[in-house]
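J.: The task is simple: from the sequences and hints, build the whole structure.
Protein chains: 2
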Amino acid sequence: MSKLRGFQKLTFTYEALQTWFNALQIQRCREVSVPLTEAFNRVLAEDVVAKEDLPRFDRSAVDGFAVRSEDTNGASQPKPLLFRLTDAEVLPDNGPRYAKPVWTGQPIPKGADAVVMLEHTQKKEEKMEISVQVAPYGNVSRQGEDVKNGETAVKQGTRLKPYHLALLSALGNTEVKVVEKPKIAIIATGNELAEAGTERNEKQIYESNRVMLCGMCCELDTEPLDLGVAKDNVEEIVEKIQIGLKIADAVITTGGTSVGGLDLVPEAVNKVGEPGVIVHGIAIRPAMPTALGMLEGKPVMILSGNPVAAITGFEIFARPLICKMLGLQKEETRPTVEAKMTRKVATALGRKNFVRVRVFQKNDDFAAEPVSAKGSGTISTMTRANGYVIVPENREGLAEGETVTVHLFADVESGNPNV
Amino acid sequence: MSKLRGFQKLTFTYEALQTWFNALQIQRCREVSVPLTEAFNRVLAEDVVAKEDLPRFDRSAVDGFAVRSEDTNGASQPKPLLFRLTDAEVLPDNGPRYAKPVWTGQPIPKGADAVVMLEHTQKKEEKMEISVQVAPYGNVSRQGEDVKNGETAVKQGTRLKPYHLALLSALGNTEVKVVEKPKIAIIATGNELAEAGTERNEKQIYESNRVMLCGMCCELDTEPLDLGVAKDNVEEIVEKIQIGLKIADAVITTGGTSVGGLDLVPEAVNKVGEPGVIVHGIAIRPAMPTALGMLEGKPVMILSGNPVAAITGFEIFARPLICKMLGLQKEETRPTVEAKMTRKVATALGRKNFVRVRVFQKNDDFAAEPVSAKGSGTISTMTRANGYVIVPENREGLAEGETVTVHLFADVESGNPNV
Chain D
1378 MSKLRGFQKL TFTYEALQTW FNALQIQRCR EVSVPLTEAF NRVLAEDVVA KEDLPRFDRS
1438 AVDGFAVRSE DTNGASQPKP LLFRLTDAEV LPDNGPRYAK PVWTGQPIPK GADAVVMLEH
1498 TQKKEEKMEI SVQVAPYGNV SRQGEDVKNG ETAVKQGTRL KPYHLALLSA LGNTEVKVVE
1558 KPKIAIIATG NELAEAGTER NEKQIYESNR VMLCGMCCEL DTEPLDLGVA KDNVEEIVEK
1618 IQIGLKIADA VITTGGTSVG GLDLVPEAVN KVGEPGVIVH GIAIRPAMPT ALGMLEGKPV
1678 MILSGNPVAA ITGFEIFARP LICKMLGLQK EETRPTVEAK MTRKVATALG RKNFVRVRVF
1738 QKNDDFAAEP VSAKGSGTIS TMTRANGYVI VPENREGLAE GETVTVHLFA DVESGNPNV
Chain B
1378 MSKLRGFQKL TFTYEALQTW FNALQIQRCR EVSVPLTEAF NRVLAEDVVA KEDLPRFDRS
1438 AVDGFAVRSE DTNGASQPKP LLFRLTDAEV LPDNGPRYAK PVWTGQPIPK GADAVVMLEH
1498 TQKKEEKMEI SVQVAPYGNV SRQGEDVKNG ETAVKQGTRL KPYHLALLSA LGNTEVKVVE
1558 KPKIAIIATG NELAEAGTER NEKQIYESNR VMLCGMCCEL DTEPLDLGVA KDNVEEIVEK
1618 IQIGLKIADA VITTGGTSVG GLDLVPEAVN KVGEPGVIVH GIAIRPAMPT ALGMLEGKPV
1678 MILSGNPVAA ITGFEIFARP LICKMLGLQK EETRPTVEAK MTRKVATALG RKNFVRVRVF
1738 QKNDDFAAEP VSAKGSGTIS TMTRANGYVI VPENREGLAE GETVTVHLFA DVESGNPNV
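Chains as they are written, first to last, in this note's numbering: chain D, 1378 to 1796; chain B, 1378 to 1796.
Hints in this document: simulated from the structure, not taken from any laboratory. A couple of the hints might just be wrong.
Which copy? The list can't say, so a pair holds if one copy fits it or any two copies do.
Listed below are the simulated BS3-like cross-link pairs for lysine-lysine, each with C-alpha atoms no more than 30 Å apart in a straight line [said to hold, decoys possible]: (1) 1701 with 1538; (2) 1525 with 1721; (3) 1560 with 1525; (4) 1675 with 1560.
T.: Here it is as C-alpha cells:
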C-alpha cells in the first residue's frame, strides 16, 4: 500500500516527447532491396533519380492527327482546312498540309509539333478536314514533361503509394531500396489477464490489448512481435523485456504502469538497465500513467492497461516514434474534419484531454457527438466513435455548438462522393 | 482507320455505375474463419454477439478505495471522514465506515458501490481520511457498460480495426469469420509496352499500370493477380481474360479501350461471351474511354491505359464494386477537406472532371493548388498532388478563391497535431 500516493508530477505531452526523443537519438531502420511488386506501402530508403526523360519522346496526349501547327492557321468550324493523310515516320516538310493519325501515347512524328483531336476532324474522301487551329505543342505531352532525366522522381522517406509505384516502373525500376519494417515487441502484464479461449477465474478478464497494439503496429506497416502476457512479477516482466530488446527495435508494454501496488513495469524497466524510465506520468487524459524509457539505446513505451489509454498513449508517443524509425519525410497523421459539438463536454484543466466523438453529416455540416463512458477501460467507446477531439491543457471542456477539429480514425458516414 | 470516329455517346458516371451494378447483381465473396491475430483490416462476415456482459462485473475505473457511497456523505476537503481499511472480499455491512483499496479494473467488493480516487484520500495512521463525497457508482465501470450479454458487439460488414480486435478479444473470441479477399486479375495491353528491366524498341515505353493497379487493390485489402501484358491482338487479350475469369472474382484491363485502331479490348471482351461490354465511354475526364462489362457473371473493368485515367476509373468504378464484394456496410471513401483554390481551372462542360490538386495549410485555412499537365498520362501529377476536386457536369471550371471539397489520397502537410 506504500505506493498509493498518485503521481507527484505530471509532464506535459510536448515536453515528454521532446525529452524522450532527445535521449533516444532515433536512427532510421536498416534498408533492404525489394522487388517493386512488393514495395506497396513501404517507405523509400533513398532518392530515386530518373535515368531518362519521361516521356522519353514527345507523345500525343489524345487520339487524333499529328500536324504541323502552323498548317492549321485559319482553320475553323465554318472554314475547315484540308489535309493529306500520311503514315510516314516523318511528316513531309514541304508542299501540301499533311496529317498523321496518332493514338494517345504514341510518339509525335518528326516534322509535326501538335495534335488535332479526333472530334475536330472529318474524313473527306482520301483527305481529312480539320476545323480547329492548334498552337505549337497543343495536345502533345512533351519529352521530360513528367520527369526530367536526372531529376528526383520519388524522394527518400516517401511511403510508396500506387502512383509512386507506377512512376518508378515507368522509369524502368524493378527493385527499390526500402526501409526495413521496425520490429516492435508487445508485452501485456497483469495477474488479472487470461488468454481468450482459456480458463479464467472469476476476477480475471480476457486479455485484449496485444491484438489491438499489434493491429496498430500493422496500421503503420511495422512488424509486431507478440511476447504474450507477464504476471505481476518483476522477474517475469524483466525477462520478457530482455527478450524484446534482443529480437525487436522497440518494446511496448501494456498494464502495470500506474502507481498501485501491482504496477511493477517501471520498476522492471529500471532493473533491466540504464537509463530505464525517463518520463512517468503525463498530463493527459486518458493515458496519464504512460511512461517512456530507453534500454540498450532502444525505445521502451510503457502504456496503460486500459485499452483506450493504451490507444491514446500509442497515438501520442508510438506513432511519431515509428514514423522516425521508418525515416518518413513527415509524421503520418490522421485526417481531420471540422465539426460542431452536439453537446458540451467537461474536461480536466491542466491535462490534454482526448475526447472520443462520433462525427456525422448534418445537413451541410459535420456534427460531433461525444461518445462518453466512465473511465478509459470501455473499448466500445472506440468502436462507436470515429474520431477524437483534443482539448488543450488550458481549457476545461468544449461548449455545445463549438467548432472543433476532429482527428478521424474511421470513416464518416456518407454516400459515394464520386458519382 | 475506320474506327476513328470518337464516342457516339457518353454515359454519365452515375448512370453507368447503376446500369453495371444492375447487371452484375454483386454477391459478397465467400467467408472464411481466421484467428483473431490475423484479422486486422479484414471485413467481418457475420455479427459477433457478446456471450457475456463486458465488463462481467462492476469494476473500478480508477486507482483508489471502494466504499459505500452513502458513507461519504458530508466528506469534504476541510472536513474529511475517517474510514477503516479492509482487504475483505465483502465490505462489512454495519458499524463503522470501511474502505478497500482497489486498482483500476479490479472488481468492486460486495457491499461497496463507489470508488474514491487516490488523490482524495490521505493515510492517517491505520485509517484513511476521505475528503470527497462520491455518488452511487461514482468511478465504477458498471457490469455490461461496455457491451451487454446478447448485444451485437461488432457488426457484419465492419472492416476490423485495432479497437474492434480488442473488443472481440475481450469478449473471449479467438477466431472470427471474415470475408475472403476478392481476387482481382490485372491485365495490361499494348504493343508499346515493355516490362521494366527488359529490352525495348524506340517507340516502346515501360509498362507501369499493373504494379499501380495491384497496389490499389492492396489498398482495399483485396488480392491482385498479375496476368502480365497482352499484345494488341484480340486472341491474346481473349486468352488472358479467360484465364482471369477462371482464377479471379473480377477482371481489370488497362489500355486499348479508346476508339483508335488498336483499341481491341472491348472487342475481345465481347468475343469471350455475353453480355460483354455493358457501357463504353463515360462523361468523365480523365477516364472517358472506360468500359464496364460482365462475363460469366463476373465484373470486367476496362480501364484506360493512361495512368491517371486508370486511377480515376478505378476510383469511380472498382472501389464501390470491391466494397460490395467485401460486403462492407458502406463504401469506404477518401477523407475530405475544404480548401480554397489558389487559381482558376477550366474544365469541360458535360463531363465530370477530376482535378488533381495539392492541398497545403495556409494560415488557418487550407489552399488547393491545381497540379496540371497535358493529358492524363502524366503520372507525376499524382505524386505531386495529394487529392482531387470533382467538378460536376454542369460547371465549366473552378474559380480562383472558390471553396472546394478535396478528396485526399495522401496526407496534407502539417506537424504532429497531437502534441
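J.: All hints are to be evaluated individually against the structure, with a verdict given for each.
T.: Going down the list of hints, with the structure as the test:
no.: 1; hint: 1701 with 1538; verdict: both (19 Å within a copy, 23 Å between copies)
no.: 2; hint: 1525 with 1721; verdict: between (55 Å within a copy, 27 Å between copies)
no.: 3; hint: 1560 with 1525; verdict: neither (37 Å within a copy, 37 Å between copies)
no.: 4; hint: 1675 with 1560; verdict: within (11 Å within a copy, 40 Å between copies)
Comparing the model with each earlier hint shows a violation of hint 3 alone; every other hint is respected.
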